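Visitor: Once you have looked at the hints, place chain B on chain A.
There are 2 protein chains.
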Amino acid sequence: MISKNQLKHLHSLRLKKFRDLNQAFVVEGIKMADEILESNFRIIEIFGTAGWFSSHQDLVNSRGILFHEITDAELTRASGLTSPNEVIVIASIPELTLPEPGLMGKIILILDRIQDPGNLGTIVRTADWFGIRHIFASEDTADLFNPKVIQATMGSVFRISLHYRDLSSFIRESLGSLNIYGATAGGENIYTAEISFPAAVIIGNESQGISEEILSIVPRKIGIPSFSGGAESLNASVAAGILCSEFIRRMN
Amino acid sequence: MISKNQLKHLHSLRLKKFRDLNQAFVVEGIKMADEILESNFRIIEIFGTAGWFSSHQDLVNSRGILFHEITDAELTRASGLTSPNEVIVIASIPELTLPEPGLMGKIILILDRIQDPGNLGTIVRTADWFGIRHIFASEDTADLFNPKVIQATMGSVFRISLHYRDLSSFIRESLGSLNIYGATAGGENIYTAEISFPAAVIIGNESQGISEEILSIVPRKIGIPSFSGGAESLNASVAAGILCSEFIRRMN
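Going down the list, the protein sequences come from chains A and B. Using this note's numbering, you'd call the opening residue of the first sequence number 18 and step up by one each time. Using this note's numbering, you'd call the opening residue of the second sequence number 18 and step up by one each time.
So that you can see chain A by itself, here it is in the shape it has in the complex (with noise of 0.2 Å):
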């Protein structure tokens, strides 16, 4: 069973407002829901068939979580999704504390204002393959408990620690403990260029790049030579990618 109430409070989570207001997110789908149950996520109540109860009841039992069965017609009505699979949960934003510049890794991200959802979700997925557990985020960068961002990190977002800062003032006080790296069109050859750790890597937003402000204080521009007479940038995801690729190949 799911009450109008409910229904409400579900639907109102697919808004940053209500997320923000409730510290709370919406994860869907069998395979989310596994990935949320093994993290550390404090989960607060889930929504599922009798089906999805059947094979996790013993999980959902053992850690005391609050469980509701609905039908699948509930399930359509609760979902957000074009096919809807089985299972909806609720669980809390976790609250980030900032680990000490020498236990964040030997990389970091930086993202600079990425707006679409997908990039950004692809972003968190890529810097979990690669063992980046930290990024920062420009506070207009999307929400990374975005429905969209979340299913597009295909589970990376309970393994990655994202922080939402004040890039600038962010920057300018790990300059003395981060060799900070800005990805820009006319930067230095990546695969030439010398590389220091830790290291941070910079990337901009989807069509204007890094800004101003931010370029201004950035010791050092990186970027991926073109071989092309045509392109004029990589996709965001693409180039986070392979500037990932490049660093860590570089600290082996």
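Keep in mind the hints are simulated off the structure, nothing from the lab. None of these values were measured; they are calculated from a predicted model. Quick reminder that beta carbons are idealized off the backbone N, C-alpha and C, glycines included. Certain hints may be false.
EDC-like cross-link-like pairs, simulated, lysine to aspartate or glutamate; straight-line CA separation at most 20 Å [what the hints assert, rightly or not]:
(1) A/Lys165 to B/Asp133
(2) B/Lys165 to B/Glu223
(3) A/Lys165 to B/Glu249
(4) A/Lys165 to B/Glu91
(5) B/Lys25 to B/Glu91
Far from chain B, some chain A residues (derived; all Cβ distances over 12 Å) [stated by the list, open to error]:
(6) Lys21
(7) Phe70
(8) Glu86
(9) Leu195
Guide: This is chain B only, laid out in the frame that chain A set:
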């Protein structure tokens, strides 16, 4: 003016069936129209606002292109975009001839059942950036002239040759002239594997990877090592980007 029949024709070209039947496709918006006007693609006709025509009439007239002036209201009805952007172009799907193996460039891509239009478009854009001119794709890969694919290429669709082929026969025939590498999770570490040119890299389906049939005839398997305990895979277009980057770096 745009007639009912012209409207119907434009809308029909959103479907592969009608694109195949007419050997024609649609591109929309100022940027994409500029890109196709700069290319060698044969343009059949253009529907555009008076504003667009005033800044493009010399080009349109000098190339002898059929132009129909339409109002903003007509543009909205004709467009497939949520925010129509001044111009819609109908162009011919080019007939591709296969160059001799030695003239295809030092790196080619092979796509095995890439399904997501955004991924296909992004891979084409990345290939273009790195100067890769030829891509081979299985016949069940997404259609290059799908409007979402074209949009994601950001104009690179006009600079790349994508050949749809029976991949199994193509790979068998190319084994003598190309060094073919299949990208798989368990493959040899891409950062340390020996690579010979001319090289072809196979990228597999988003969820299933490269098919068993193809994998069984590919001499070398390579992979991007993971440094994560959790992430199961990379996004297909990010993986393609990292592989292109690494092959290009080794070539130079």
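Visitor: Indicate, hint by hint, whether the structure satisfies it.
Guide: Cross-check of the supplied hints:
Using a Cα cut-off of 20 Å, the hinted pair A/Lys165 and B/Asp133 holds, with the two alpha carbons roughly 15 Å apart. Taken as a hint, the B/Lys165 and B/Glu223 pair is honoured in the structure, with Cα atoms around 17 Å apart against an allowance of 20 Å. Between the alpha carbons of A/Lys165 and B/Glu249 the distance comes to roughly 19 Å, so the proposed pair stays at or under 20 Å and holds. Simply put, A/Lys165 and B/Glu91 have alpha-carbon atoms about 32 Å apart, too far for the 20 Å limit, and the pair is violated.
A hinted pair counts as satisfied when its Cα atoms are at most 20 Å apart, and B/Lys25 with B/Glu91 qualifies at roughly 13 Å. The Cβ of A/Lys21 sits about 31 Å from the closest Cβ of chain B, beyond the 12 Å cut-off, so the non-interface label holds. Under the 12 Å C-beta cut-off, the non-interface status given to A/Phe70 relative to chain B holds; the minimum distance is some 25 Å. Against the 12 Å criterion, A/Glu86 stays outside the reach of chain B, whose nearest CB is about 29 Å from its own CB.
Every beta carbon of chain B lies more than 12 Å from that of A/Leu195, the smallest distance being close to 19 Å; the non-interface claim holds.
Consistency with the previously given hints fails for number 4 only.
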